[in-house]
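Chemist: Sequence lines, in order, name chains S and V.
Per my numbering, numbering through the first sequence is continuous, rising by one, with the last residue being 370.
Per my numbering, numbering through the second sequence is continuous, rising by one, with the last residue being 370.
Derived by calculation from the structure, the hints in this document are not laboratory data.
What you are looking at is a predicted structure, and each value in this text was computed from that prediction instead of being measured.
Any given hint could be a false lead.
Copies of the same chain look alike in the list, so a pair counts if it fits in one copy or across any two.
Said to hold, decoys possible - No more than 30 Å apart at the CA atoms, straight line, and that leaves these computed lysine-lysine pairs for DSS-like: (1) K87 to K24; (2) K47 to K181; (3) K47 to K351; (4) K47 to K253.
So the chains spell out like this:
Protein chains: 2
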Amino acid sequence: MTSSAAPLTYDQAGVNYDLIDPLKITAQRAAAATASHLAGHGFSEVKASRGESAYVVDVGPFYIASIVECLGTKTLVADEMATLTGKSYFAGIAQDTIAMAVNDLITVGATPLVVQAYWAAGGSDWFGDAQRAQALVAGWKAACDTCQVAWGGGETPALAGIVEDGRIDLAASCTGLINPKERLSVGDQLGPGDAIVLLASSGIHANGLSLARKLAERLPQGYLTEIEPGLTYGEALLAPTALYSPVTEALWKAGIAPHYCANITGHGWRKLLRHPSALTYRIHTVPPKTAVLAFIQQQAGQDDREAYSTLNMGAGFAIFVKAEDAERTAQISRDCGIAAWVAGTVEAGEKQLLIEPLGVRFSEDDLHLR
Amino acid sequence: MTSSAAPLTYDQAGVNYDLIDPLKITAQRAAAATASHLAGHGFSEVKASRGESAYVVDVGPFYIASIVECLGTKTLVADEMATLTGKSYFAGIAQDTIAMAVNDLITVGATPLVVQAYWAAGGSDWFGDAQRAQALVAGWKAACDTCQVAWGGGETPALAGIVEDGRIDLAASCTGLINPKERLSVGDQLGPGDAIVLLASSGIHANGLSLARKLAERLPQGYLTEIEPGLTYGEALLAPTALYSPVTEALWKAGIAPHYCANITGHGWRKLLRHPSALTYRIHTVPPKTAVLAFIQQQAGQDDREAYSTLNMGAGFAIFVKAEDAERTAQISRDCGIAAWVAGTVEAGEKQLLIEPLGVRFSEDDLHLR
Numbered sequence: 001m002t003s004s005a006a007p008l009t010y011d012q013a014g015v016n017y018d019l020i021d022p023l024k025i026t027a028q029r030a031a032a033a034t035a036s037h038l039a040g041h042g043f044s045e046v047k048a049s050r051g052e053s054a055y056v057v058d059v060g061p062f063y064i065a066s067i068v069e070c071l072g073t074k075t076l077v078a079d080e081m082a083t084l085t086g087k088s089y090f091a092g093i094a095q096d097t098i099a100m101a102v103n104d105l106i107t108v109g110a111t112p113l114v115v116q117a118y119w120a121a122g123g124s125d126w127f128g129d130a131q132r133a134q135a136l137v138a139g140w141k142a143a144c145d146t147c148q149v150a151w152g153g154g155e156t157p158a159l160a161g162i163v164e165d166g167r168i169d170l171a172a173s174c175t176g177l178i179n180p181k182e183r184l185s186v187g188d189q190l191g192p193g194d195a196i197v198l199l200a201s202s203g204i205h206a207n208g209l210s211l212a213r214k215l216a217e218r219l220p221q222g223y224l225t226e227i228e229p230g231l232t233y234g235e236a237l238l239a240p241t242a243l244y245s246p247v248t249e250a251l252w253k254a255g256i257a258p259h260y261c262a263n264i265t266g267h268g269w270r271k272l273l274r275h276p277s278a279l280t281y282r283i284h285t286v287p288p289k290t291a292v293l294a295f296i297q298q299q300a301g302q303d304d305r306e307a308y309s310t311l312n313m314g315a316g317f318a319i320f321v322k323a324e325d326a327e328r329t330a331q332i333s334r335d336c337g338i339a340a341w342v343a344g345t346v347e348a349g350e351k352q353l354l355i356e357p358l359g360v361r362f363s364e365d366d367l368h369l370r
Numbered sequence: 001m002t003s004s005a006a007p008l009t010y011d012q013a014g015v016n017y018d019l020i021d022p023l024k025i026t027a028q029r030a031a032a033a034t035a036s037h038l039a040g041h042g043f044s045e046v047k048a049s050r051g052e053s054a055y056v057v058d059v060g061p062f063y064i065a066s067i068v069e070c071l072g073t074k075t076l077v078a079d080e081m082a083t084l085t086g087k088s089y090f091a092g093i094a095q096d097t098i099a100m101a102v103n104d105l106i107t108v109g110a111t112p113l114v115v116q117a118y119w120a121a122g123g124s125d126w127f128g129d130a131q132r133a134q135a136l137v138a139g140w141k142a143a144c145d146t147c148q149v150a151w152g153g154g155e156t157p158a159l160a161g162i163v164e165d166g167r168i169d170l171a172a173s174c175t176g177l178i179n180p181k182e183r184l185s186v187g188d189q190l191g192p193g194d195a196i197v198l199l200a201s202s203g204i205h206a207n208g209l210s211l212a213r214k215l216a217e218r219l220p221q222g223y224l225t226e227i228e229p230g231l232t233y234g235e236a237l238l239a240p241t242a243l244y245s246p247v248t249e250a251l252w253k254a255g256i257a258p259h260y261c262a263n264i265t266g267h268g269w270r271k272l273l274r275h276p277s278a279l280t281y282r283i284h285t286v287p288p289k290t291a292v293l294a295f296i297q298q299q300a301g302q303d304d305r306e307a308y309s310t311l312n313m314g315a316g317f318a319i320f321v322k323a324e325d326a327e328r329t330a331q332i333s334r335d336c337g338i339a340a341w342v343a344g345t346v347e348a349g350e351k352q353l354l355i356e357p358l359g360v361r362f363s364e365d366d367l368h369l370r
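If we strip away everything but chain S, and leave its shape as in the complex, we get (with noise of 0.2 Å):
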């Protein structure tokens, strides 16, 4: 195993925040002034919802939440791994992909109905490749199968000139409903002395693969390898996603209703403060590291503030409950089969997260979603 010469950031793996949030902050505000038209429908969005990860609309019965996601430069790893090792990656990428769009969808407490694929190859020849393409489609249904929701249907386009030649570009988008309207969990309720509970993720997921596609260039065998006996980088990245929906929907069958709900992606931990209350969250137990995640922190020398800054660090979801329920909310996930902690605390205070254990602390100015 290799030690890095010099540390890597994420700027230097190519992703510049400081280009995309200008627009993305002129796009929300145009976005907002549309919530209008809703009234001539005789329906009304949930303010709240704006900011959040998916978009709730009031529409009398039920709430419905709409979303679309985008998977993400996982699929590079998983072409330069097929060309070292013959296999097709492609069923766990089709399961990050739906869980990209599932695990921001339940935040809201939407239970997840319909899916629709998009997919968009470089060419006509990508989906000329038997095994690769129905990889790629027997994974997106099995990850349907796991979260119980309906593929609607999707686009293939062939999109030469616009996508690589060779590399398709994987989005999903999904529509649930917030059935009753008691599910609705956009932070309304969260509040000091409510729990924090956090769900373990598979890996990397699909946040911070630039970074992790950079590191690979420099490791002498690249993807190839060893994190750990047997198992090399390259396939230690390409865990599939793990799907959350399976655990929301448990909870709400036992009677428990999150507060609130942060899917841990890009900005890693500080999602922990994605919602604008002036709250402090105070973390006494930090989840085990997956091993890839500990050899990227490791290899990119990054110190714990910039590696729970980026990656997920092992807890892929965060629900934030009332404290009777903390316990039996971890209970729960684990009897889905994922791993869960009671993690910390949710208390009055300036708006920061203290990650006790590490000694890290990340303040206000440290997110800015909205």
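Based on these hints, arrange chain V on the given structure of chain S.
Modeler: Below, chain V alone, put in the same frame as chain S:
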């Protein structure tokens, strides 16, 4: 104006449906098998919507329709024209993208409620061109205003290595309601005696662009070729796609419930054969070709059969209504600012489309979408 040496087919323009379609069929089968998951939530799919332009779920008080749609390669024309003229065409491109989703969603009788933006750039710097990015935002909002939909949010990923540098992959997802449920138009009432009303297109819309771009390469002045005085080929191609949801909403308010609708996109007028029923569609009135479509047909050396099998040829949307509603349907469209023609009739008989004024016939074998 140059006349071309050899005819240009769609296959030569780089889109090979033979490679895409087998995968599509496998995916459609896998997708159909997931419908049973809806029962676990107390809902069910509208089976007739499988293979239609939008997927429909019965959630009790109304139906929910959802969709994701890709713009395609029209941005490549916008990029090239921006280089040639210094203007930004991305406001129109935004309308095109929303039109792809909205015009499909309304075919099943849905009122579009929420649009999500999918803007996947080749790198963060795409968003650094403020003029272009602001045009995209402004055009997106304006199209939402026209369609009276709420812009819920979206994704603006930077996908270096997947999307080509300097390019953007645009798509939109849309969710709507069919409310009241009588508005459902998946063709179960389509039958002999119905009239076919055709709504004018604004130009090429966003289908056939691969062919249109190939053609530009052949023209000595390329996109700056004048197709009529003061109108360049490039500008004409970039006329934004008509938005038809104001028409379908106005129809409902006037008490007209279409029996079926077809969005005339890829496969051109063959889309009139979309519904699986064995019916004959006889066209007696052919709308005027827009200038740009006439130019493409002439330059590509296409006969009518080929042109009408690929391009919209002046008709962007077809509405199948009771004969007695036909004239009023056309008038309501005109009142919305969109020219319309009572163009034909539905008859008992083998599945075929007869474009009588042109002597063109398409049969079931000419269109395989399911």
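Chemist: Are the hints correct? Go through all of them and say.
Modeler: Hint check:
With identical chains, the CA atoms of K87 and K24 are at most 30 Å apart between copies only, with a shortest distance of 22 Å across copies and 38 Å within one. Taking CA atoms no more than 30 Å apart as the test, K47 paired with K181 passes in both settings, with 15 Å inside one copy and 27 Å between copies. In the homo-oligomer, the alpha carbons of K47 and K351 lie at most 30 Å apart inside one protomer (21 Å), although the nearest pairing across protomers, at 49 Å, exceeds that limit. Taking the closest pair of Cα atoms, K47 and K253 come within 30 Å of each other both inside a single copy (27 Å) and across two copies (28 Å).
Of the numbered hints given earlier, the model fails none.
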